[in-house]
Amino acid sequence: MPSQLSSRALLLAGALACVSAVPAWAQAAAPADAAPDTSGTGSDEDIVVTGSRIARPDFEAPNPIVSFDSQRIHQSGNTNVTTFLQRVPALTTSLDNADSAGPNRPDNQLYGAAGLNLLSLRGLGSARTLVLVNGRRHVSGQIDSAAVDINSLPTDLIERVDVLTGGASAVYGADGVSGVVNFILKRDFDGVAGRTQFGISEQGDAGNRFASLMAGKNFGGGRGNVTAYYEYNADDPLQNDDRSVLRRRNRLYTVSNPAYAGPGSGTYQQVLAGDLRYPGGSPAGVIDIGGTLYNGDGSLYDPGTDAGGGFASGGSATSVAGYVGDLLPKTERHAVNLLTHYDFSDAFQLSLEGKFVQSTATTFGGFTGNYTGDFTLDNPYLPINLRDAALANAQRVISSNRNNTDFPRLGESDRRRTWRGVIAATGAVSDHARYDVSYTYGQTDVRITKLNDRWEDRYYAGLDVVTDPSTGRPTCRSNLNPAAVQVPTVSFTPGPNSGCLPINTFGVNVTDPAALAWATNNNVSSARVTQSVASAALTGDFGALFALPGGPVKFALGSEYRRETSRFDPNSFLTGEQWYQYDEGNKFDPTFVISPSRGAFDVWEVFGEIDVPLLRDRPFFETLSVGAAGRYSDYSTIGSTKAYQFNGVWAPVRDISFRGSYSQAVRAPNIGELFAPVGPATNFFSDPCYVENRNAGTSSRAANCATLINGLGADPAAFTAANNPDAAVLINGSRSGNPGLKEETARTWTAGTVLRPRFLPGLTISADWYDIRLDDAISIADANTIANLCVDQPTLDNVYCAAIRRRQGTGYINGYTVQPQNVARYATAGLDLNISYVLRTASAGTFDIRFVGSYLNKLEQIATPGAQVEDQVDQFNRPKYNFVFSPTWSLGEVTLSYNLRWFDATRRFAKLTTDNNPDYAPAALLRYKELWQHDVQVQVAPDEGVGFYVGVNNLANQRPSVDSIDQPISSLGRYFYAGAKVRFGA
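Note that the sequence shown ends on residue 1686 in our numbering; no numbers are left out.
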């Protein structure tokens, strides 16, 4: 940008001028990790809480915050912090290990995503949720993104987690348009503490092993501390077939009803079907000889019965469930943290944080591709009856369509190494002002191993088998004739010493494992993400110079520089003519080359915040204050952005306060959204223009589909899945970034009240309404959604139709492009309710009761300007009502904990699909069932010494709804765990 250098110079100069101009009068602020009071009485001490850089009493905080301390995490039995946080209604849509396994990896077309744990506030996505550690940014764990991998955070070093709703860009910068999750680590730990835990499901699988050790020491008369921490965590995988209800013949699916007879007929468009198959292929191969279909082993092929939607039920075809991989990945994590600080004087306190985390996640998805090709009759593996039938039909070659379910499954093993260091200096400028300067550097290195990918040249060479005349045994034709390979050879040299081993595909489980090992490989790629942040801030108040009846005006101001980079270096196997992404003619398609990616940006920012206490200790005005915050940012990619916030707090009496805020927050497009190179993608399509799907969208769909299909020279009345030969075939497409993106802008307002009645000490009740509108939202829709959005808009002239390619003459989809666009608008609103009550008795122990609930009033998406509003309230993972209830009782060394997580039944289908279509599905299929998850724990542990605990999660053994693997709960089932903890001197 032409003015970039000068504008940055002005930003820096202005920030320095502001810092130097501040007088030496202000009230000192407490450290940023001070905990908000949860006793119900409130605190008069000034502390810094998440959502502001200004110190104030916690009951005067203008932003709604929900906090969970380390005790709550331990009592949950979860050693995965994301799984624990999913019980928070605002974080229900977050992604934990179950969402990063098999084909469910976050954005499963990207590499390096296995095992990622990503937080998502308000259902608006991980890219819009800002994750902080001790109030500072943390390096991303995902390539080309700013999303933090929560698995890189130390479980038992966490003091508490603050969840803030609403735009926080004015205080913390971009990315927090839906809110902030701030992890506060333990400080001044003195002593030794350790914990170990083992868990296993009721069915004896999905084991978990966890251990942590923490040692800290205060020194220098309490002015300094050093704390070291180590953690180990490992999870065993859980496969689809480990649950009998999900196995191939048992699994139920919702499919289009082939017997649907029209409106008013008493039939439905969607029904349940079992033993679902992909017709046209089989694990043994399907061979057509003179119109008779055979399996590759010579038996007759059974096509099964029509199940609708292009699927079959029963028969010889390949099971749909065969494409499902792991439900949980195999993971292992080692983490080391070191924290130290020393107060040299009131004017200079130095703190250091360092960490190293190595995590490995391995997961397997579907099998290693299909093969549709020709075989000559001299192949010795060809069954005699098939050879004879082909000769009788005057065929010299036969074609087999085989699904290679007996080949090693495709998988990915990702090793992430995360380094992060922070150096910070704080101190008093005088009695009235404090400075805080810091530098943070983080780096994540990802080693991505793709498991069991095919060498395409070796695979084709191994399939072309003849009898070796010198031995009488099967051999590769290319061993005898080096020119016989059907595709270019790049990984081996054909000939007698090539190493080629014959591959038998005529049957199931008939292939020599050594031949498969020769034809497959584990290729290694690498990626690196870095983050550098330099920040300087000054906080305080204006003292007597600017004092109001409520007290002196407080301020915070500063400047920040941030640079982020991301790079991905794919293995040469993925960048050349070696991968199995070939087109229909068995020719290499360059569209599917995996390209290296590079991207970076930097941003200079200045920010300021002010708190104006108008009144205090007056009748009906225990407290009245207003505040504002602002931030100006200059990005190297999109130019300048502005964020701001206005807020206020009014407490007529000590027992009740009212708070509210209005903010504009921004999110700059991340590196992947801007710079991702063109890469491959594959997808199954349920075409929205199929006759059976035309009433499942907006009122525009049917007319748009008729126009579209007619324009391609096809008959809309005959446009069905049954007539599409590729209805159950993966369609190739591509995906890339978009350098023309601009920032998203969110406007948020919140209004709430906090009750702390003095007549009932220990009780705190807060209720807050939030309303978020996100404009120019960056939308990266999946391929099926793109196809739906194309015909669900008012016209066909939209960005989604431009991304879908269809065949002239048939109209069927034959390609697509996925690319982010600034086209969407999101709006969400709702009510959060937080109740905390602590009752301490003289002889009956302590009762600690916590209730966190949410009402989702609105969650809307408008795909493009002028398009129909898509109401997402009540859809899966976005329930209208959602709460967690956690009572705990403790007496002496004994603690009993109970946790109930509940949300209401959610829609199985989109509201647009079912609202005006009573025949779409029977009532029993319209919704997933309610979530009722009961967790219990018993702990016997002294304040110092050795303690033990046992617990059960999902005590009632609730299972997923029919046709689902994870709604409203995962397939894990009842889960048992036991642990021990030790604590001395702390």
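These are computed hints drawn from the structure, not numbers from a lab.
Hints may be right or wrong, so weigh each one.
Stated by the list, open to error - In silico lysine to aspartate or glutamate, EDC-like type, Cα no more than 16 Å apart, as pairs: (1) K1629 to E1593; (2) K1342 to E1322; (3) K1611 to D1574; (4) K1580 to E1560; (5) K1629 to D1663; (6) K1681 to D1604; (7) K1681 to E1644; (8) K1611 to E1644; (9) K1611 to E1570; (10) K1442 to D1475; (11) K1580 to D1619; (12) K1629 to D1574; (13) K917 to D1106; (14) K1442 to D1471.
Unchecked claim - Beta-carbon label-pair distances, calculated as ranges: (15) G1015 to D1302: 55 to 65 Å; (16) Y1141 to N1395: 22 to 32 Å; (17) A1406 to E902: 46 to 56 Å; (18) D1131 to L1038: 32 to 42 Å; (19) V1353 to P1618: 49 to 59 Å.
Where a beta carbon is used, it is the ideal one built from N, C-alpha and C, also for glycine.
Hint check results:
1. K1629 to E1593: violated (39 Å)
2. K1342 to E1322: violated (34 Å)
3. K1611 to D1574: Judged against 16 Å, a Cα distance of about 9 Å means the pair holds.
4. K1580 to E1560: holds (13 Å)
5. K1629 to D1663: holds (12 Å)
6. K1681 to D1604: Given that 16 Å is the threshold and the Cα spacing comes to 36 Å, the pair is violated.
7. K1681 to E1644: holds (10 Å)
8. K1611 to E1644: Distance ~55 Å between K1611 and E1644 Cα, so the pair is violated.
9. K1611 to E1570: holds (8 Å)
10. K1442 to D1475: Judged against 16 Å, a Cα distance of about 11 Å means the pair holds.
11. K1580 to D1619: Answer violated: K1580 to D1619 is near 24 Å, above 16 Å.
12. K1629 to D1574: holds (12 Å)
13. K917 to D1106: violated (57 Å)
14. K1442 to D1471: Roughly 23 Å separates the two Cα atoms, so the pair is violated.
15. G1015 to D1302: 55 to 65 Å: holds (59 Å)
16. Y1141 to N1395: 22 to 32 Å: violated (55 Å)
17. A1406 to E902: 46 to 56 Å: Since the Cβ atoms of A1406 and E902 sit about 53 Å apart, the hinted range of 46 to 56 Å holds.
18. D1131 to L1038: 32 to 42 Å: holds (33 Å)
19. V1353 to P1618: 49 to 59 Å: For P1618 against V1353, whose Cβ atoms are near 54 Å apart, the range 49 to 59 Å holds.
The earlier numbered hints that this structure contradicts are 1, 2, 6, 8, 11, 13, 14, 16.
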